[in-house]
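We have chain A already, so just place chain B on it with the hints.
Protein sequences appear in the order of chains A and B.
In terms of this note's numbering, the first sequence opens at residue 1 and continues consecutively.
In terms of this note's numbering, the second sequence opens at residue 1001 and continues consecutively.
Everything labelled a hint here was simulated from the structure, so no lab data went into it.
Do not rely on the hints blindly, as some may be mistaken.
[To be verified] Each computed DSSO-like pair below joins lysine-lysine, with the alpha-carbon atoms no more than 27 angstroms apart:
no., chain 1, residue 1, chain 2, residue 2
1, A, LYS111, B, LYS1037
2, A, LYS29, B, LYS1087
3, A, LYS87, B, LYS1111
4, A, LYS111, B, LYS1029
5, A, LYS90, B, LYS1087
6, B, LYS1090, A, LYS87
7, A, LYS90, B, LYS1090
8, B, LYS1087, A, LYS37
2 protein chains.
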Amino acid sequence: MNLILITPDELDATGRAQLADNRAEHIRKVLRAEPGKTLRIGLLDGPVGTGTVEKISEDSVTLACEFEDDTPPRPAVDLLLAMPRPKVLKRLWAQFAALGVGRIFITNAEKVERYYFDTHILEPGFYNARFIEGLQQARDTRLPEVAIVKNLKPFLENELFSDIEEKLLADPSGERSLFQCLENVDAMSSSRFQPLEGRILLGVGPEGGWTPYELEMFKAHGFEVFGMGPRILRTDTACIALLSQLSLCSSLK
Amino acid sequence: MNLILITPDELDATGRAQLADNRAEHIRKVLRAEPGKTLRIGLLDGPVGTGTVEKISEDSVTLACEFEDDTPPRPAVDLLLAMPRPKVLKRLWAQFAALGVGRIFITNAEKVERYYFDTHILEPGFYNARFIEGLQQARDTRLPEVAIVKNLKPFLENELFSDIEEKLLADPSGERSLFQCLENVDAMSSSRFQPLEGRILLGVGPEGGWTPYELEMFKAHGFEVFGMGPRILRTDTACIALLSQLSLCSSLK
Chain A
1 MNLILITPDE LDATGRAQLA DNRAEHIRKV LRAEPGKTLR IGLLDGPVGT GTVEKISEDS
61 VTLACEFEDD TPPRPAVDLL LAMPRPKVLK RLWAQFAALG VGRIFITNAE KVERYYFDTH
121 ILEPGFYNAR FIEGLQQARD TRLPEVAIVK NLKPFLENEL FSDIEEKLLA DPSGERSLFQ
181 CLENVDAMSS SRFQPLEGRI LLGVGPEGGW TPYELEMFKA HGFEVFGMGP RILRTDTACI
241 ALLSQLSLCS SLK
Chain B
1001 MNLILITPDE LDATGRAQLA DNRAEHIRKV LRAEPGKTLR IGLLDGPVGT GTVEKISEDS
1061 VTLACEFEDD TPPRPAVDLL LAMPRPKVLK RLWAQFAALG VGRIFITNAE KVERYYFDTH
1121 ILEPGFYNAR FIEGLQQARD TRLPEVAIVK NLKPFLENEL FSDIEEKLLA DPSGERSLFQ
1181 CLENVDAMSS SRFQPLEGRI LLGVGPEGGW TPYELEMFKA HGFEVFGMGP RILRTDTACI
1241 ALLSQLSLCS SLK
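If we strip away everything but chain A, and leave its shape as in the complex, we get:
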C-alpha cells in the first residue's frame, strides 16, 4: 500500500477521514505511524495529497486530509479483452489498475465459453475492491471503468469510440509489431513515436484466438492487427506485457 485511497463519502466537512479497515491496520502495523506523521493519500478518482495522522486507536485511525488542486489524468489506454477464464481474470483486475487502464471492455467471442460470464468476479463490488488494491500499490487514484459486452458485433458497430485515436488488436496473424503500428503516425514529426493526443484501444483475444470472421469485423471497424512475435503467451501474461510495452511507447519521444 504505497498510497492510502480515501473515498469522497469518507471525508467529513472538516476534511477529516476516520478509517477502520485494512488501511487503518496498514497505517498502524506496517507504517507504524504515530500522531503527527504525514502519509501519502489519494481521493478516489480525484487528486493525491497528504494525510496527517491525528488519532490512532486499536480499531481506527483519523487522518486530516489535504489534497492537491489537480486530479491526475485518466490512463490513456483502454482495453478490449475477450472474457478469460474467471480464475485468470480474478488475478488480473488489480494488475490492470496498477499498470494503468482507463476503461476495460470485457467482451464475448466465438471461442469464449458462455458460462465464463456467470461469475461474481464480474460484479462491480468485486472488481472495484481489486482495482483499489492495485491503485494503492501503484499510487494512482483513477478507478478503471468496466463494461461487460455480451454481444461484440453491435458494440463495434455503434462506434462508441469517438475519443479513441488508435485501435490495435493483438493476433498471431499480425505481420507488423506493436511498435511498427505506432511509429511515425505523423511522418512530419522528427520524433520516432508521435505522442498520441487521443486514446489507444488495445484488443486482446481469447485463449483460442479470434476467428477469421471476428478478425475481419475488427479490421472493418478500423483496428490494426499486430503480432507479438513467435512466443505465445497466456492471456494474463500477454495483457501485462502489452500494457507495459504501451506505457513505454508513451515515454519514447
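Only chain B this time, still in chain A's reference frame:
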C-alpha cells in the same frame, strides 16, 4: 500446450517417444489427434521439430519424432532477482520460461526475510516442471538455468558475468528510463537501439527495495540504475513488465 516438449532420454534409438503423462492426455483430449497427425514438438534444450502420431491408447501416445538441425538460441536476457515471497515466485517460474530468460539468479538482500529460502519451490524438481509448462506455452525449448545466491556481495565480486554486455538495475532512485540506458549504446550507429552482441543482466529488488549500501555495491560492479516511472508495481508484475519491455528493445532497430 502449443508445443510438446520431449526430453532426450524419452527418445528410443529409432527416434520414437512414448508419452504417458499429461502430454498424452493433451494430445488425446485437447488436440484430438488420430494416428498419422503431425504435431509441433521440441527437444528439451534442443531443436524444435514434428512428431507424427503412430499409436494412441487410453494411457499412452507414441510419436515418431523428427527434429530440425539447429537449436534456437538461449534468450539473451538474464535475471537477478531478490528472493520474493515464495507464493509470488511460485507463480512466476512458468512466466519466466514463457517470456524467455536465459539464467535466473535468486539472491538474498537486506530486505529479504531469511525464511523465504526455506521452500520447496527453490528445488530443481519444482521449478523445472514449471519451466517446462512455460516453454510448452511459448513454443520454446531452452530451459532457464537457476542459481540460488545466498550471499550477494561475494557473488558480485567474483564477476561471474563475463558474457554480460549490459547490467541494468531497476530501482525508484534511477533517473534514466530503461530505454535511455539502452539507447545509442554505439553513437556511430544510425539506429536508435544498437542491437547488443552480448547478454543483458536485469536486476530486480525486493518488495522493500534495495538499501543504499546495496545500490552502491551494484553501481560499483557496473550496474546502471534505471527507474520505472511513478507507478510502483508488485514484484511479479514488474518482472513481467520489464522482461516484455526488454524483448521489445531487441525488436527495435
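field: Hints violated by the structure (listed by number, smallest first)
entry: Going through the list in order, the structure violates hints 3, 8 and respects the others.
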